[in-house]
Amino acid sequence: MTPSNSMWGLLVQLAATFALLSLTAVGGANATLPEIHRQIVELAHFMDDATFAKLVAVAQTAPGPNVIVISAIGWHIAGLLGLGVATAAMILPSSLVAIGARRTMQHFSASAPLSTVKKALAPIAVGLMFASGYVMARAADHGGLTIAVTAGMTLIVARTRLNPLWGIAAGAVIGLASHPLGFAF
Amino acid sequence: MVSHRDLFSAFFKLGLLGFGGVAGWVRQIVVEERGFLDEREFAEWLGVASILPGANTVNLAVMLGDFYKGPSGVLAALLGLLLAPILILITIVSLFDQFASQPDVSRALGGAAAATAGLVIGNAYKIMRAIRGDFRAMIVAGSTFAAVAIWQFPLAASLAVLVPLSILGFAAFGRRS
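First to last, the sequence lines map onto chains A and B.
Counting from 1, position 142 in the first sequence corresponds to residue 141 in numbering that gives the first Met the number 0; the numbering is continuous, with no gaps.
Counting from 1, position 169 in the second sequence corresponds to residue 168 in numbering that gives the first Met the number 0; the numbering is continuous, with no gaps.
Hints are computed from structural coordinates only; laboratory data are not their basis.
Quantities reported herein were computed from a predicted structural model and do not represent experimental measurements.
We put the CB at the ideal spot given by N, CA and C, even for glycine.
Please note that a few of the clues may not be correct.
Said to hold, decoys possible - Chain B regions said to be covered by chain A (calculated; three or more residues, Cβ under 8 Å):
{"no.": "1", "stretch": "2-11"}
{"no.": "2", "stretch": "21-34"}
{"no.": "3", "stretch": "37-49"}
{"no.": "4", "stretch": "54-66"}
{"no.": "5", "stretch": "82-89"}
To be verified - Not the full set, but computed from the structure, chain A residues with beta-carbon under 8 Å of chain B:
{"no.": "6", "residue": "19"}
{"no.": "7", "residue": "30"}
{"no.": "8", "residue": "32"}
{"no.": "9", "residue": "107"}
{"no.": "10", "residue": "116"}
{"no.": "11", "residue": "121"}
{"no.": "12", "residue": "123"}
{"no.": "13", "residue": "124"}
{"no.": "14", "residue": "127"}
{"no.": "15", "residue": "139"}
{"no.": "16", "residue": "145"}
{"no.": "17", "residue": "167"}
{"no.": "18", "residue": "175"}
{"no.": "19", "residue": "177"}
Please construct the entire structure, taking both the sequences and the accompanying hints into account.
This is the structure:
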């Protein structure tokens, strides 16, 4: 398959848009979603609001890192090539930064200031992770039963080394069973 | 020694299992299952991965791949992380309209999402145990949580304030623990 001229133009535009977004995407694709929406829907008119919302929902349903919302957008705009170009453009620039940061850290691993910086960043990661869990729990909260599922899973994960898949499967079964049992879900 | 295959398979599993986001599974697989990093190292690496641009899981995969095997390790980790999710994504995009409107499917996904939230909180608790004895760390973690989750300040702005403050705090009260 040889892309036509207009296809090339489209791919170049996708690559440029996402490569730029990649370097500003602190917090990943979810935190950058408003800016992605502005670029894709409002500025470039690649799709309408409803399509954008649907692609975001689809990407949330699939497993894996949230960056695949970019893959879904690329797929919708320009098929398989679009998916490849958009995903690579979103991942490559930030990955080069990460590689640079890691190598710099290793190079200066004996330095006291760097060890202070690493110690100072660790609790920020912990706070952010609690925040994600809290936001996810709020989003999943449809009443007492869902809160109980979240709380139960938190306890199991914190206290045991049980494979979490069991807990997630149990959550899905409880969700399924809630309706015939008369719980709102 | 960690091989390309180890990197690929660890992140392939992470990609495949991470329904509702990979945040809860990363620590589970990288620390508990594979032992690539210990608790404290994981917290520090995740901290760096979180303030750099890009998804923190993608950044962590890149950093671990580069640490063990250089650029080809990065490729192995990233391919592992993205392969299954992208194939599943393409399948769901094609089926979405019939699929998501099924009430049973949405109820099951709702229950799984509630459990996944618990997985994230439980893993955050386990990382916190590694820094628990340090009052500076607890203050920073609590402020970060409050800023992002309770007050819902924009993430970039929160980090722009919290990161320098945390570094200053750790530098000023150094060598206490």
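Each hint, compared with the structure:
Only residues whose beta carbon comes within less than 8 Å of a beta carbon in chain A count, and the stretch 2-11 of chain B has 0; fewer than three means the coverage is violated. With 6 residues carrying a beta carbon less than 8 Å from a beta carbon of chain A, the stretch 21-34 of chain B meets the three-residue requirement, and the given coverage holds. Counting residues of the stretch 37-49 of chain B whose beta-carbon sits less than 8 Å from any beta-carbon of chain A gives 8, enough to reach three: the coverage restraint holds. Counting residues of the stretch 54-66 of chain B whose beta carbon lies closer than 8 Å to any beta carbon of chain A gives 9, which reaches the threshold of three, so the coverage claim holds.
A stretch counts as covered by a chain when three or more of its residues have a beta carbon under 8 Å from one of that chain; for the stretch 82-89 of chain B and chain A the count is 6, and the coverage holds. Annotation: interface hint on residue 19 of chain A violated; nearest CB of chain B at approximately 11 Å, more than 8 Å. Proximity of residue 30 of chain A to chain B holds as hinted, the smallest CB-CB distance being about 5 Å (cut-off 8 Å). Checking residue 32 of chain A against chain B: minimum C-beta separation of about 11 Å lies over 8 Å; hint violated.
Interface restraint check: residue 107 of chain A against chain B, minimum CB-CB distance 13 Å, threshold 8 Å, status violated. Hint status for residue 116 of chain A: holds, given a least beta-carbon distance of 6 Å to chain B, under 8 Å. Nearest Cβ of chain B to the Cβ of residue 121 of chain A: about 4 Å, under the 8 Å cut. The hint holds. Given hint, residue 123 of chain A at the interface with chain B, holds; its Cβ is 5 Å from that chain's nearest Cβ, closer than 8 Å.
Because the beta carbon of residue 124 of chain A sits about 4 Å from the nearest beta carbon in chain B, less than 8 Å, this interface hint is met. Look at residue 127 of chain A: its Cβ gets to within about 6 Å of chain B, closer than 8 Å, so that hint holds up. Satisfaction of the interface hint for residue 139 of chain A is found here, the shortest Cβ-Cβ separation to chain B being roughly 4 Å, below the 8 Å cut-off. Interface restraint check: residue 145 of chain A against chain B, minimum CB-CB distance 4 Å, threshold 8 Å, status holds.
For residue 167 of chain A, the interface hint holds, the least distance from its beta-carbon to any beta-carbon of chain B being 5 Å, beneath 8 Å. The interface hint given for residue 175 of chain A holds, since its Cβ lies 5 Å from the closest Cβ of chain B, which is under the 8 Å cut-off. Interface restraint check: residue 177 of chain A against chain B, minimum CB-CB distance 6 Å, threshold 8 Å, status holds.
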